[in-house]
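Trainee: Here's the letter readout for the chains.
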Amino acid sequence: QTSITVQGAVDVFAGSLKNSGDTARRAVVNSGGMTTSYFGFKGSEDLGGGLKADFALNGFYQADTGTSGRFGGDNLFSRDANVGLSGSFGKIQFGRGLAPSFLPAVLFNPFGDSFTFSPLVVHTYVPSGAFGARSWIAANASDSGWSNEIIYSTPDLNGLRANLHYQFGEVAGRTGTNNIALNLLYSKGPLGLSAYYHDAEVSNPNAGGALIDPTAAPVNYRAITRQKAYFAGASYNFNVAKLFATYQVNDNDTATALSMKGKTFSLGMSAPLGQGSVLLGYANTKRDGSLIGSDIKRDTLSVGYDYLMSKRTDLYTVLMSDKITGASRAASFGIGVRHRF
Amino acid sequence: QTSITVQGAVDVFAGSLKNSGDTARRAVVNSGGMTTSYFGFKGSEDLGGGLKADFALNGFYQADTGTSGRFGGDNLFSRDANVGLSGSFGKIQFGRGLAPSFLPAVLFNPFGDSFTFSPLVVHTYVPSGAFGARSWIAANASDSGWSNEIIYSTPDLNGLRANLHYQFGEVAGRTGTNNIALNLLYSKGPLGLSAYYHDAEVSNPNAGGALIDPTAAPVNYRAITRQKAYFAGASYNFNVAKLFATYQVNDNDTATALSMKGKTFSLGMSAPLGQGSVLLGYANTKRDGSLIGSDIKRDTLSVGYDYLMSKRTDLYTVLMSDKITGASRAASFGIGVRHRF
Amino acid sequence: QTSITVQGAVDVFAGSLKNSGDTARRAVVNSGGMTTSYFGFKGSEDLGGGLKADFALNGFYQADTGTSGRFGGDNLFSRDANVGLSGSFGKIQFGRGLAPSFLPAVLFNPFGDSFTFSPLVVHTYVPSGAFGARSWIAANASDSGWSNEIIYSTPDLNGLRANLHYQFGEVAGRTGTNNIALNLLYSKGPLGLSAYYHDAEVSNPNAGGALIDPTAAPVNYRAITRQKAYFAGASYNFNVAKLFATYQVNDNDTATALSMKGKTFSLGMSAPLGQGSVLLGYANTKRDGSLIGSDIKRDTLSVGYDYLMSKRTDLYTVLMSDKITGASRAASFGIGVRHRF
Numbered sequence: 555q556t557s558i559t560v561q562g563a564v565d566v567f568a569g570s571l572k573n574s575g576d577t578a579r580r581a582v583v584n585s586g587g588m589t590t591s592y593f594g595f596k597g598s599e600d601l602g603g604g605l606k607a608d609f610a611l612n613g614f615y616q617a618d619t620g621t622s623g624r625f626g627g628d629n630l631f632s633r634d635a636n637v638g639l640s641g642s643f644g645k646i647q648f649g650r651g652l653a654p655s656f657l658p659a660v661l662f663n664p665f666g667d668s669f670t671f672s673p674l675v676v677h678t679y680v681p682s683g684a685f686g687a688r689s690w691i692a693a694n695a696s697d698s699g700w701s702n703e704i705i706y707s708t709p710d711l712n713g714l715r716a717n718l719h720y721q722f723g724e725v726a727g728r729t730g731t732n733n734i735a736l737n738l739l740y741s742k743g744p745l746g747l748s749a750y751y752h753d754a755e756v757s758n759p760n761a762g763g764a765l766i767d768p769t770a771a772p773v774n775y776r777a778i779t780r781q782k783a784y785f786a787g788a789s790y791n792f793n794v795a796k797l798f799a800t801y802q803v804n805d806n807d808t809a810t811a812l813s814m815k816g817k818t819f820s821l822g823m824s825a826p827l828g829q830g831s832v833l834l835g836y837a838n839t840k841r842d843g844s845l846i847g848s849d850i851k852r853d854t855l856s857v858g859y860d861y862l863m864s865k866r867t868d869l870y871t872v873l874m875s876d877k878i879t880g881a882s883r884a885a886s887f888g889i890g891v892r893h894r895f
Numbered sequence: 555q556t557s558i559t560v561q562g563a564v565d566v567f568a569g570s571l572k573n574s575g576d577t578a579r580r581a582v583v584n585s586g587g588m589t590t591s592y593f594g595f596k597g598s599e600d601l602g603g604g605l606k607a608d609f610a611l612n613g614f615y616q617a618d619t620g621t622s623g624r625f626g627g628d629n630l631f632s633r634d635a636n637v638g639l640s641g642s643f644g645k646i647q648f649g650r651g652l653a654p655s656f657l658p659a660v661l662f663n664p665f666g667d668s669f670t671f672s673p674l675v676v677h678t679y680v681p682s683g684a685f686g687a688r689s690w691i692a693a694n695a696s697d698s699g700w701s702n703e704i705i706y707s708t709p710d711l712n713g714l715r716a717n718l719h720y721q722f723g724e725v726a727g728r729t730g731t732n733n734i735a736l737n738l739l740y741s742k743g744p745l746g747l748s749a750y751y752h753d754a755e756v757s758n759p760n761a762g763g764a765l766i767d768p769t770a771a772p773v774n775y776r777a778i779t780r781q782k783a784y785f786a787g788a789s790y791n792f793n794v795a796k797l798f799a800t801y802q803v804n805d806n807d808t809a810t811a812l813s814m815k816g817k818t819f820s821l822g823m824s825a826p827l828g829q830g831s832v833l834l835g836y837a838n839t840k841r842d843g844s845l846i847g848s849d850i851k852r853d854t855l856s857v858g859y860d861y862l863m864s865k866r867t868d869l870y871t872v873l874m875s876d877k878i879t880g881a882s883r884a885a886s887f888g889i890g891v892r893h894r895f
Numbered sequence: 555q556t557s558i559t560v561q562g563a564v565d566v567f568a569g570s571l572k573n574s575g576d577t578a579r580r581a582v583v584n585s586g587g588m589t590t591s592y593f594g595f596k597g598s599e600d601l602g603g604g605l606k607a608d609f610a611l612n613g614f615y616q617a618d619t620g621t622s623g624r625f626g627g628d629n630l631f632s633r634d635a636n637v638g639l640s641g642s643f644g645k646i647q648f649g650r651g652l653a654p655s656f657l658p659a660v661l662f663n664p665f666g667d668s669f670t671f672s673p674l675v676v677h678t679y680v681p682s683g684a685f686g687a688r689s690w691i692a693a694n695a696s697d698s699g700w701s702n703e704i705i706y707s708t709p710d711l712n713g714l715r716a717n718l719h720y721q722f723g724e725v726a727g728r729t730g731t732n733n734i735a736l737n738l739l740y741s742k743g744p745l746g747l748s749a750y751y752h753d754a755e756v757s758n759p760n761a762g763g764a765l766i767d768p769t770a771a772p773v774n775y776r777a778i779t780r781q782k783a784y785f786a787g788a789s790y791n792f793n794v795a796k797l798f799a800t801y802q803v804n805d806n807d808t809a810t811a812l813s814m815k816g817k818t819f820s821l822g823m824s825a826p827l828g829q830g831s832v833l834l835g836y837a838n839t840k841r842d843g844s845l846i847g848s849d850i851k852r853d854t855l856s857v858g859y860d861y862l863m864s865k866r867t868d869l870y871t872v873l874m875s876d877k878i879t880g881a882s883r884a885a886s887f888g889i890g891v892r893h894r895f
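Residue numbers (the numbering used here), protein chains in the order written: chain U, 555 to 895; chain P, 555 to 895; chain X, 555 to 895.
Some hints could be false.
The list cannot tell twin chains apart, which means a pair is met if one copy fits it or any two copies do.
As the list claims (entries may be wrong) - Derived pair list, reagent style SDA-like, types lysine to any residue, alpha-carbon separation capped at 25 Å: (1) Lys865 to Ser642; (2) Lys817 to Gln829; (3) Lys606 to Gln561; (4) Lys572 to Gly727; (5) Lys645 to Tyr861.
By construction, these hints were calculated from the structure, which means they are not laboratory data. Since the model is a prediction, treat every value here as computed from it, not as a measurement.
Next up, chain U with everything else stripped away, as it sits in the complex (with noise of 0.2 Å):
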């Protein structure tokens, strides 16, 4: 028998939400305002000379109805599920895991991976609207898990490491279409660097859905087939604030001559203050492109104080400021609880 962690986290908030762009606002009590909830098992086994086995399981859930997944569809294990083998040579895993995205982008931001109040996040990985029919869709395409994935990490090497990302399309008969990134994270003392670069055709956490979004209607969003995207993320910790800073391109093709490419720039600062941090996050995106017609801007400010009851379990309230082109600005507010376990 080996040493399994049961773990996650369940982080539930009371709040009141509109984004710019929603028809009417919702009193809630939602799952996921700091962390998205989750639930698993991890395990690791030395294997001698170096090298060790591991696994993580992990699947999301809704913390306010107990529903499986991040949305109706999504799969039992979404978060991961996955083994690996590591030593000198670094590390290959194999399953559904992260995404190249997805550490740049909740690294380098001070809200985290919430994907409620976040600007970054919010603009890079959540759509707005109805099903079918967004007032905005993700920047990023292929979610932020990737499946049928292999991972190459590279050992630390004096603070960086690097990712090889490459998941297999799955489509019979054409092995040509597959989704490949390589991210870079960097680390030592007070500075923080990452970058990104993938190349997604491919969706998730399912193939054979749309790449970014089944929207067909006033935009047809459901036509990107292709998306490159490029990634520049930096932080520094000056002891009385951390800052950061990213910016990134989407660069999103479709199978006819219709294209559109956004670009996403966010500031963020993290202030200690008391038994917790002020958060202080802003995140601008402006699309153009063939396939929209005209420009869609969008800038969403929030500010929140994250306080800490344990290294475990925090209380947060975050404002939330948010305005889309065409659309009036709107206000969320949201207070809650997160428990790590």
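Go by the hints and put chains P and X onto chain U.
Mentor: Just chains P and X now, with coordinates in the frame of chain U:
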């Protein structure tokens, strides 16, 4: 890391089932003769200063087939998906958790939470007949668990605990549609008392469904949009036997002038015998009102024996007799094993 | 509280797959090259007097995508959801558990429970071709696990164990439609023997489905309503190699005069080499009968090497060659890692 408990129950029985109104008898191996089978995780963290954080993630499953949930379309963690903070002020809990009607019902009848054989629970929570064409609908609206819920529980006040339940309706633009309830539980020496009131307008486990049942014919139960319920229960342990009695009123309203009122009383006894207990339970419901036209009555009697192999494992056998107005009296029988882990 | 074990397996491989009859080759990262990936919980309680209670809750998942189950619509705990009592009388188990055909098949071929590369298991349990239009249907009816099941197992009788399997059909008003089986497993020194008989009329994992496969064209396999199966297997460990042989007859009946009979034999060898074993497996099936008209034959040969990194972690590579009447011979290849936890 923390002390997380993996917990649950496996309850399987073999039997022959026919409720009054069922078209045919079925020989079965079924799940949940005494307790709805479930599995899950819970944990607790000492935050210091008398404060504590805890969480629970529990899902039902059917131990005869391995199916998730209590029924098709149920949520993975529909039993519990919540996080709470407790201290001298009592406890506040966020997420999906108990409905206010659950503990009063299952603590004040000798068959506990048996959704198969407890007369009170069967009347209160379990429909009879095919989906959409019931011969019986549950007396209680809005499920035995509530989603999007905040519960405030008082500390123990000399044997009395009060719980205030509030479920957000999460209807966009309509903050007035919610579920709200107060329940009271008192226990001191041989005496137990309980009461609750709820005002329910929101379906569970997910919003947007029928409040009680989607059945539209021969009676349009689907039209019920609001229920107020009133409950009082008592138990007294005479040592030779513990006696139970409950009374409840379920007042159902629709968007039109149609309405239905149900009144349920139950009596029960649990008497130690050998390494177990003889169980005797009876429930009687009468419904009237313009929604149903003619009155509907149901009475159900169960007699059983629960044999304790250990604190965690018991064998049980139950015989149940059931009669609904307009249908023949029918009997069910089961013999099973329940194992808590 | 009790000692509960969290357990499972993560098995992922990269490969190129084409079974005979498949329209195209697919490059994949897939789950379950050697063992169907699963996760779950088990526990045991000493009841005193030689009695023991135990339970198992295990679910399959696809480690390449994180999807629950072996296929869409599979049950969460379709591997195991059962509780048992054991003592000197043997063991009685209730719930969902093994089909009687499973252990004889997987213990008597060198590729174990590989639903991808074991010739015997592929012939016996795995369909080829698109859902509803198979180029191959499984030889065995009614799944590798049975729901609504009672299993009585004898104690170990000098190396012999016998298991009586009974699955309730749960068809209202028809108590005569059930699955019933006897299997025998013998192990003593280098010799292993096995046999089973089943008479299957009920689909799995859920009732109401096709007994073997819903395919209606070009052959109406959906019409099969009953199957009797007979199996005998033997293994002998010569130390330089362990040899395996099995023979089975699957006799399928329909509600009309149409019928189909299948005969499958398999041969296998597992030979230690270095820190692992060379595996060689062959299966040959011939089907005839009025249901299919012309005879159908299939033969499949696999050769592989399984390298043990530890008792719990191994690397494997397999090459499989497959031929079904009327389709071209096709080859599959995979290299993977399996980690048990």
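Trainee: All hints, please: hold or fail.
Mentor: Results of checking the hints against the structure:
1. Lys865 to Ser642: Only across copies: Lys865 and Ser642 sit 22 Å apart there, 31 Å inside one copy, limit 25 Å.
2. Lys817 to Gln829: neither (36 Å within a copy, 53 Å between copies)
3. Lys606 to Gln561: Both ways: Lys606 and Gln561 sit 20 Å apart in one copy and 18 Å across, limit 25 Å.
4. Lys572 to Gly727: between (45 Å within a copy, 10 Å between copies)
5. Lys645 to Tyr861: between (36 Å within a copy, 19 Å between copies)
In this structure, the one hint that does not hold is number 2.
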